[in-house]
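Asker: Here the protein sequences come in this chain order: U and F. Okay, so the first sequence: first residue is 43 according to our numbering, each after it adds one. Okay, so the second sequence: first residue is 63 according to our numbering, each after it adds one.
Hints are computed from structural coordinates only; laboratory data are not their basis. On a predicted model such as this, the values are computed, not experimentally measured, just so you know. Careful, some of the hints might be misleading.
[As the list claims (entries may be wrong)] Calculated pairs, SDA-like style, for lysine to any residue (alpha carbon to alpha carbon, straight line, at most 20 Å):
{"id": "1", "chain 1": "F", "residue 1": "Lys108", "chain 2": "U", "residue 2": "Ser270"}
{"id": "2", "chain 1": "U", "residue 1": "Lys263", "chain 2": "F", "residue 2": "Thr166"}
{"id": "3", "chain 1": "F", "residue 1": "Lys108", "chain 2": "U", "residue 2": "Gly181"}
{"id": "4", "chain 1": "U", "residue 1": "Lys263", "chain 2": "U", "residue 2": "Thr233"}
{"id": "5", "chain 1": "F", "residue 1": "Lys108", "chain 2": "U", "residue 2": "Val180"}
{"id": "6", "chain 1": "F", "residue 1": "Lys108", "chain 2": "U", "residue 2": "Leu107"}
{"id": "7", "chain 1": "U", "residue 1": "Lys263", "chain 2": "F", "residue 2": "Ser148"}
{"id": "8", "chain 1": "U", "residue 1": "Lys263", "chain 2": "U", "residue 2": "Gly242"}
{"id": "9", "chain 1": "F", "residue 1": "Lys108", "chain 2": "F", "residue 2": "Pro137"}
{"id": "10", "chain 1": "U", "residue 1": "Lys263", "chain 2": "U", "residue 2": "Arg250"}
{"id": "11", "chain 1": "U", "residue 1": "Lys263", "chain 2": "U", "residue 2": "Phe248"}
{"id": "12", "chain 1": "U", "residue 1": "Lys263", "chain 2": "U", "residue 2": "Phe235"}
{"id": "13", "chain 1": "F", "residue 1": "Lys108", "chain 2": "U", "residue 2": "Gly262"}
{"id": "14", "chain 1": "F", "residue 1": "Lys108", "chain 2": "F", "residue 2": "Ile165"}
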Amino acid sequence: MATVERTARPRAWAIVAAQELRDLWLGGRGLLLSLAFSGLLSVLSYLVATNQALNFLEQRESVNLTLQVAIAVGALLALLAGADAISGERERGSLESLLLSPVSRLQLTAGKLLAALSLWVAALVLTIPYVWFLGRGVGIVGDALATGALVGTLLALFLVSLGVLVSIFSGSNRVSLSVSLFVLLALFAPTQFPTSAQQGWAGDLFLRANPLTSGEHYVGKIVVDGHSWSQDASWLASPIIAAALFAALAAVAGGRFMRLSGEVSR
Amino acid sequence: MMRRRLLVSASAVFFGLVPAGPAASSSNQIAVSVDRTAIATSLGHKFSIRSRIANTGGSAATALVAHLNVLSLRPDVYLDPEDWSSHRTRYLPAIPAGGSVTITWRMQAVNAGSIAVFIAVLPQSGDPRPPATGPTVHVSIARRKTLNSGGILPLALGIPALLATLSMGLRMRRRASH
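Only chain U is shown next, with the shape it has when bound in the complex (with noise of 0.2 Å):
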């Protein structure tokens, strides 16, 4: 019975995860953002290839935008997902015959989680040409990918297990949106500062502890000075802690919170 159970177990994350796969890509959503996301990089990558001004830029520098414009935009697609996952099902009235389903609520939220972090990889794969175009005859075009896959996998891990936490407790998909999107503009808020705010002990404190703007400064120090992938990576701790910080926060909220009504308790 034990073994039976052991078995069991892992295959109800992976059934769920399956399904919503199957939702997202089968049912063209997934193929639609990953369409914007690729026409978004295409102008970007053309602008920077000809454009005269953005031409200026480095080609190091070329490959950092728009690595750094696909993590981000990537990781937006995330959250989009992991926003939609349980606030959507609630809104859509599928949410009752899932909590019915003999699959723990812990594992539903693992298998959207996973599912909803497939935009990423989709969207990763999907930046490889263009970052190799950008950045062949440099050198750099393995090391821009690594970094990317790694902070961006962090940065999406993060920004889906938010997306996730805030659909538990929201009512409907349009307040689960709404606040995933504010949280996350706030987040990139800061890379909007004046140079001189970013500097002294508090602004690189700031910098450092916000997941977003420590990331891309990792991504940044990589591919455009060449650094070390070991010589900045104190500013890997942000993205790492948020990552496992809030997919365990989402974790525990999907096991223990997760109602029909969106409401945490009564």
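Once you've looked at the hints, dock chain F against the given chain U.
Answerer: Leaving out everything else, chain F in the frame of chain U:
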């Protein structure tokens, strides 16, 4: 005093800095030196200059400001120093008699051509005395083609077209199955 001047010059040589010329030995007893006076680089590249501001006087020098100046040596090149460095003004700590402060100026080559860079140090009080300046650093910036744009169009159009085809194929398949 002479011994102190010799000491400052000797330490400047020790640190690999180029001592300031006659223009730099101003009356305010501040000497500015730089680690090199000629730089050759390419458009878009980043480079840095290390400067040493030494107090050759007998008393501590306080409330000084160091400023990085960037200008084109050719009249046909317009240059905006703000583009070259976002941190061109530094407010210096007090420099004790015989002491010095080292500042690294990070810049990016924004224009191709023949560019001059120098550092001026002046008092925060705004006293009408000539600032102490370091030697001119001559920066030669070569033009550079940053990216071969050939081939971007097939890629930029091909990938979205491929995804659009897949998406349409999927939609037709769904319609056929219904």
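Asker: All hints are to be evaluated individually against the structure, with a verdict given for each.
Answerer: Status of the hints after comparison with the structure:
| no. | hint | in the structure |
| --- | --- | --- |
| 1 | F:Lys108 x U:Ser270 | 18 Å, holds |
| 2 | U:Lys263 x F:Thr166 | 19 Å, holds |
| 3 | F:Lys108 x U:Gly181 | 18 Å, holds |
| 4 | U:Lys263 x U:Thr233 | 15 Å, holds |
| 5 | F:Lys108 x U:Val180 | 16 Å, holds |
| 6 | F:Lys108 x U:Leu107 | 17 Å, holds |
| 7 | U:Lys263 x F:Ser148 | 18 Å, holds |
| 8 | U:Lys263 x U:Gly242 | 18 Å, holds |
| 9 | F:Lys108 x F:Pro137 | 23 Å, violated |
| 10 | U:Lys263 x U:Arg250 | 14 Å, holds |
| 11 | U:Lys263 x U:Phe248 | 17 Å, holds |
| 12 | U:Lys263 x U:Phe235 | 19 Å, holds |
| 13 | F:Lys108 x U:Gly262 | 14 Å, holds |
| 14 | F:Lys108 x F:Ile165 | 16 Å, holds |
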